[in-house]
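Student: Under my numbering, think of the first position of the sequence shown as 63, with each following residue one higher.
It should be emphasised that the hints constitute simulated quantities derived from the structure, not laboratory data. Don't take each hint at face value.
Said to hold, decoys possible - Below are the SDA-like pairs computed for lysine to any residue, each with C-alpha atoms no more than 25 Å apart in a straight line:
#, residue 1, residue 2
1, Lys-98, Arg-352
2, Lys-98, Ile-308
3, Lys-98, His-343
4, Lys-98, Leu-373
Said to hold, decoys possible - Restraint-style ranges between C-beta atoms, simulated for each label pair:
#, residue 1, residue 2, range
5, Thr-230, Glu-97, 49 to 55 Å
6, Ala-109, Thr-306, 35 to 41 Å
7, Thr-130, Gly-262, 42 to 48 Å
8, Asp-202, Gln-350, 34 to 40 Å
9, Glu-248, Arg-374, 33 to 39 Å
10, Gln-191, Glu-97, 22 to 28 Å
11, Ala-116, Thr-236, 40 to 46 Å
12, His-343, Val-261, 27 to 33 Å
13, Glu-291, Pro-228, 29 to 35 Å
14, Asp-202, His-343, 40 to 46 Å
15, Ala-357, Thr-130, 36 to 42 Å
16, Thr-385, Asp-106, 46 to 52 Å
17, Glu-322, Ser-104, 18 to 24 Å
Think of the CB as a built atom: it goes at the ideal place given N, C-alpha and C, for glycine as much as any other residue.
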Amino acid sequence: MTKQLPLALLALTACVDATSPSIPETSEEVSSAIEKENGGLSMDDEAPMFGSDALFESAAIEADAVETDAMSPEVTSMESMPGVRARNVLIMWGQLPADPNATAVRDWSGSLVLNRGGMLIRRRIAFEQATGDRVMPRTDRARIDFISRTRPASDGLVLTVVDPAPGTSPLTLTYTPTGGTARVLELRELAEGPIVVDVGDGNRIIVSARDRDPCDHGVMRGRWRALDEHRGAYLGIVADEDGTPIGHVRGIYGQRGNGEQVFFGKFITREGQFRGILAGHYTDGEFQGRWVTRAGEHGRLHGVYFSHESLRGGAFVARWGETSCRAN
63 MTKQLPLALL ALTACVDATS PSIPETSEEV SSAIEKENGG LSMDDEAPMF
113 GSDALFESAA IEADAVETDA MSPEVTSMES MPGVRARNVL IMWGQLPADP
163 NATAVRDWSG SLVLNRGGML IRRRIAFEQA TGDRVMPRTD RARIDFISRT
213 RPASDGLVLT VVDPAPGTSP LTLTYTPTGG TARVLELREL AEGPIVVDVG
263 DGNRIIVSAR DRDPCDHGVM RGRWRALDEH RGAYLGIVAD EDGTPIGHVR
313 GIYGQRGNGE QVFFGKFITR EGQFRGILAG HYTDGEFQGR WVTRAGEHGR
363 LHGVYFSHES LRGGAFVARW GETSCRAN
């Protein structure tokens, strides 16, 4: 993804949209709210996108789209076989968080290769085909070749990875940039949460995974902004296990009077129906929390966040799921 981010992204870190009074908007409001249960957030329905369409647009969260994959019949058939293990995997690379001032283009083009099994591409994130970014035609279920160049933002893929022989040698995913050094990841390393690889100059690779399961689960990603040194707000897109957007989240974070670093958020569907309150703690680039519905505690979330010094804000990526989801 090489296009220049809109100037409105800069405004996201400097001001707050005032169209959703149910979400605290100022440093003073956030300071008061984080001392309350669930951050003082209600369990009422909202307008779609919290009535803050312009704010979400200005955040310039990377768009995603369905990817037609020639390997779909083969991998889907493999997934239905007894004894296999299937995971949903999100992988992103580029400027994380986005940097509208970045001038250097980084070429990530290369391949992703499994040592066994197969991969199905569910969705692609960004990948500006008009500038040459694309997934190459596939002929091998265990290999994905792609062209990707990023400058101010990032590209990515949402995959289903199927392992026909779990419990044997580790399943590995190898990223080999064209003309570069291969990076090997054992997928079992993702059981404890997302993994982040810092490759310099604000560029990172992030990988998150969760077992495919009948339970309700998925990923969320978005932007956060600081309102002062100890408090701020965030917003994002919530997607299901296949990476399909199903809703939005808005929330707050900050340091309580007792020193606790907490966050709270509200998760709604694309139509605005209430799906839950998110509540937890953050520190050192990582956050974990609970998903609470009107019926009580319903699930968990675990993610990572990145800062951008010049914009007083950054980005986050997380996985979420019901408590009924089997352990990874």
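Student: It remains to establish, for every hint, whether it holds in the given structure.
Tutor: Against the structure, the hints come out as follows:
1. Lys-98 x Arg-352: holds (16 Å)
2. Lys-98 x Ile-308: Violated, at about 28 Å.
3. Lys-98 x His-343: holds (14 Å)
4. Lys-98 x Leu-373: This hinted pair is violated, its Cα atoms lying about 29 Å apart.
5. Thr-230 x Glu-97: 49 to 55 Å: Between Thr-230 and Glu-97, where Cβ atoms are some 51 Å apart, the hint holds.
6. Ala-109 x Thr-306: 35 to 41 Å: Because 21 Å falls outside the window, the suggested range is violated.
7. Thr-130 x Gly-262: 42 to 48 Å: Since Thr-130 and Gly-262 have Cβ atoms about 34 Å apart, the given range 42 to 48 Å is violated.
8. Asp-202 x Gln-350: 34 to 40 Å: Cβ of Asp-202 to Cβ of Gln-350: about 37 Å, so the range 34 to 40 Å holds.
9. Glu-248 x Arg-374: 33 to 39 Å: Distance hint for Glu-248, Arg-374 holds at roughly 36 Å.
10. Gln-191 x Glu-97: 22 to 28 Å: violated (48 Å)
11. Ala-116 x Thr-236: 40 to 46 Å: Given a distance of about 42 Å, which is inside 40 to 46 Å, the answer is holds.
12. His-343 x Val-261: 27 to 33 Å: holds (28 Å)
13. Glu-291 x Pro-228: 29 to 35 Å: About 46 Å separates the Cβ atoms of Glu-291 and Pro-228, which means 29 to 35 Å is violated.
14. Asp-202 x His-343: 40 to 46 Å: holds (43 Å)
15. Ala-357 x Thr-130: 36 to 42 Å: For Ala-357 and Thr-130 the Cβ distance comes to about 39 Å; the hint holds.
16. Thr-385 x Asp-106: 46 to 52 Å: violated (24 Å)
17. Glu-322 x Ser-104: 18 to 24 Å: holds (22 Å)
Consistency with the previously given hints fails for numbers 2, 4, 6, 7, 10, 13, 16, ordered from lowest to highest.
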